[in-house]
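Enquirer: All chains should be built: construct the whole structure from the sequences, respecting the hints.
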Amino acid sequence: MSEVLKVRNVETMYGRVMAIRGVSLSVREGTVVTVMGSNGAGKTTILKTISGALDPFKGEITFKGKAITGLDPDVIARTGVAHSPEGREVFALLSVKDNLMMGAYCRKDRDEVARDFEKVLGWFPVLREFLDKQAIYLSGGQQQMVALGRAFMARPSLMLLDEPSLGLSPRLISEIFAIIKRINVEEGMTMLLVEQNASVALPAADFGYVLETGRIVMEGERDVLMNSADIREFYLGIKADSARGDRRWKARKTWR
Amino acid sequence: MTGLSFADAIQLLLVGLSQGCLYSLIAIGLVLVYKATEQVNFAQGEFMMLGAFVGYQFIVLWGLPYWLGALLTLVFMGGFGYGVDALVVRRLTGQPVFTVFILTLALGIALRAVAGIVWGFGNYSLPDPIEGNLALGPVIIGWSSVLAILVTAIVASGLYAFFRYARQGVAMQALSLNQLAAFYMGIPVKRLTSSIWAMSAIFGAIAGLLLGPVTLVSTQMGFVGFKAFAGAIVGGFGSIPGAVLGCLLIGVTEPFFDIMFPTFKGIGAYLIMFLVLLIRPEGLLAQIYAKKV
Numbered sequence: 001m002s003e004v005l006k007v008r009n010v011e012t013m014y015g016r017v018m019a020i021r022g023v024s025l026s027v028r029e030g031t032v033v034t035v036m037g038s039n040g041a042g043k044t045t046i047l048k049t050i051s052g053a054l055d056p057f058k059g060e061i062t063f064k065g066k067a068i069t070g071l072d073p074d075v076i077a078r079t080g081v082a083h084s085p086e087g088r089e090v091f092a093l094l095s096v097k098d099n100l101m102m103g104a105y106c107r108k109d110r111d112e113v114a115r116d117f118e119k120v121l122g123w124f125p126v127l128r129e130f131l132d133k134q135a136i137y138l139s140g141g142q143q144q145m146v147a148l149g150r151a152f153m154a155r156p157s158l159m160l161l162d163e164p165s166l167g168l169s170p171r172l173i174s175e176i177f178a179i180i181k182r183i184n185v186e187e188g189m190t191m192l193l194v195e196q197n198a199s200v201a202l203p204a205a206d207f208g209y210v211l212e213t214g215r216i217v218m219e220g221e222r223d224v225l226m227n228s229a230d231i232r233e234f235y236l237g238i239k240a241d242s243a244r245g246d247r248r249w250k251a252r253k254t255w256r
Numbered sequence: 001m002t003g004l005s006f007a008d009a010i011q012l013l014l015v016g017l018s019q020g021c022l023y024s025l026i027a028i029g030l031v032l033v034y035k036a037t038e039q040v041n042f043a044q045g046e047f048m049m050l051g052a053f054v055g056y057q058f059i060v061l062w063g064l065p066y067w068l069g070a071l072l073t074l075v076f077m078g079g080f081g082y083g084v085d086a087l088v089v090r091r092l093t094g095q096p097v098f099t100v101f102i103l104t105l106a107l108g109i110a111l112r113a114v115a116g117i118v119w120g121f122g123n124y125s126l127p128d129p130i131e132g133n134l135a136l137g138p139v140i141i142g143w144s145s146v147l148a149i150l151v152t153a154i155v156a157s158g159l160y161a162f163f164r165y166a167r168q169g170v171a172m173q174a175l176s177l178n179q180l181a182a183f184y185m186g187i188p189v190k191r192l193t194s195s196i197w198a199m200s201a202i203f204g205a206i207a208g209l210l211l212g213p214v215t216l217v218s219t220q221m222g223f224v225g226f227k228a229f230a231g232a233i234v235g236g237f238g239s240i241p242g243a244v245l246g247c248l249l250i251g252v253t254e255p256f257f258d259i260m261f262p263t264f265k266g267i268g269a270y271l272i273m274f275l276v277l278l279i280r281p282e283g284l285l286a287q288i289y290a291k292k293v
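So the protein lines, in turn, are chains A and B.
Residues 1 to 256 (our numbering) are what the first sequence spells out, left to right.
Residues 1 to 293 (our numbering) are what the second sequence spells out, left to right.
Think of the hints as simulated: they come from the structure by calculation, not from any bench.
We put the beta carbon where it would ideally sit given N, CA and C, even for glycine.
Just so you know, not all the hints are guaranteed correct.
[To be verified] Each pair of labels, with its calculated beta carbon distance range:
1. A:E129 with B:T93: 34 to 40 Å
2. B:A113 with A:F57: 39 to 45 Å
3. B:P281 with A:E129: 32 to 38 Å
4. B:P281 with A:K64: 50 to 56 Å
5. A:F57 with B:T93: 17 to 23 Å
6. B:A7 with A:R107: 57 to 63 Å
7. A:K119 with B:Q95: 40 to 46 Å
8. B:A113 with A:R215: 53 to 59 Å
9. B:P96 with A:T213: 29 to 35 Å
Expert: Quick look at the structure:
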């Protein structure tokens, strides 16, 4: 399996603040890779730098073997990166149908687009009844479905998903993640998934990175991370067997 | 009311309607750019003036057939509008709104000066697109005024269909609603934004060609843009149907107001704007929604 995306030593400034400090990661074809981290760790900045919304200060990004560092976001999108942004960012006053079709703006193959449109409605049947409704009137979960469907409609080689769980109920989160996994398995879609909620993101992923204050502090296959004491304690919230009351020390992350 | 007969009223109504249509064409240009980029083009009136002068150049000075000259004018102005965005305004994205405000204001002043240097500061006449008058009983209206109404109706409905059904039209709406998301979809945001400027300059030029025969072409004719501005505000800046409605309202009431209060001639438009802002600050057809997170 070849590497679709390679990010090498990227540093991005957010105004005067350096939001990510030398991040390197790679995504292999057909896999789901997750970047986990808390608020302000720099997750969104990584995705924005990849999709061209922010220009890196340093470093190099290659997509399908070509350097895409510093290109305009629409140019990068046309090379096959579909970014589903944080907070959904649907086109509020456009109908759900138009929202989805905007995802396929750059595609010429009308029949394939129509087929993919049906596919999206198959994954998210609730959307079917709202096709002519403006996206602003949808609930947060439905808007997230629109955002995911819209990104898929571009038929990208790589989907960038920024916090699909944001602001959703636990039930909706598991529904949405089930579909994300289905898109990955059924369509062989490569995904880079950024999440605060590690307990849903990690099980859905093949490989994971842990980001803290702009640096990658840990990386590994899903099973390795799932069994790591640090990840269990700090990201999955699973405590060791000994009762919490017995512990008099505050556990420290081993990478500190 | 001193002897305003029914026929007179109809006459004024039609004159006002065609005048309002010209305001609408300018206002549509303003609103298009505002919706797409949240920038207000204070030079929109001067775009209209430039359109009229370019038409004057082609049709009067070079003696081209009217419709050919008009077509060339629209093509030229389309290119001009595209260029203004692609070469100047685009570089200011991300800067404070104030910067663009000053820029377009300065552009307007510069265009007036350039037009004066190239064509002179006098008044020049542009031929009517269609000669003659239409007589409906006692009411007489110039064919050009009828044309102004027709053209505006065609432009407005054409735009409606374009934004609703055309792929590029929907994409233009998308980029005006959420520019970053439009970028992420691979929509060529920069090119489409420049195209919107081109469209807005073309509508300005149409208004200039239609207004030229009525008011004569001069460097000062761009000030009509302020009335279009008032009309757009009345309609709720940011809504195209609202802008058309506001401009028609202003156009239609203006001649009546001027006849009733001759001393206050010319301020009717602003009075209406003032009243609407007092009673309904968001405008008649405002499109306001709160962003949900």
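Enquirer: The structure should be examined with respect to each hint, and the outcome stated for every one.
Expert: Here is what the structure says about each hint:
1. A:E129 with B:T93: 34 to 40 Å: Given range 34 to 40 Å: holds, Cβ gap about 38 Å.
2. B:A113 with A:F57: 39 to 45 Å: Between A113 of chain B and F57 of chain A, where Cβ atoms are some 43 Å apart, the hint holds.
3. B:P281 with A:E129: 32 to 38 Å: The hint (32 to 38 Å, Cβ to Cβ) holds, given that P281 of chain B and E129 of chain A are roughly 36 Å apart.
4. B:P281 with A:K64: 50 to 56 Å: For K64 of chain A against P281 of chain B, whose Cβ atoms are near 52 Å apart, the range 50 to 56 Å holds.
5. A:F57 with B:T93: 17 to 23 Å: holds (20 Å)
6. B:A7 with A:R107: 57 to 63 Å: Cβ of A7 of chain B to Cβ of R107 of chain A: about 59 Å, so the range 57 to 63 Å holds.
7. A:K119 with B:Q95: 40 to 46 Å: holds (42 Å)
8. B:A113 with A:R215: 53 to 59 Å: Since the Cβ atoms of A113 of chain B and R215 of chain A sit about 56 Å apart, the hinted range of 53 to 59 Å holds.
9. B:P96 with A:T213: 29 to 35 Å: holds (31 Å)
The structure is consistent with each of the numbered hints, conforming to all of them.
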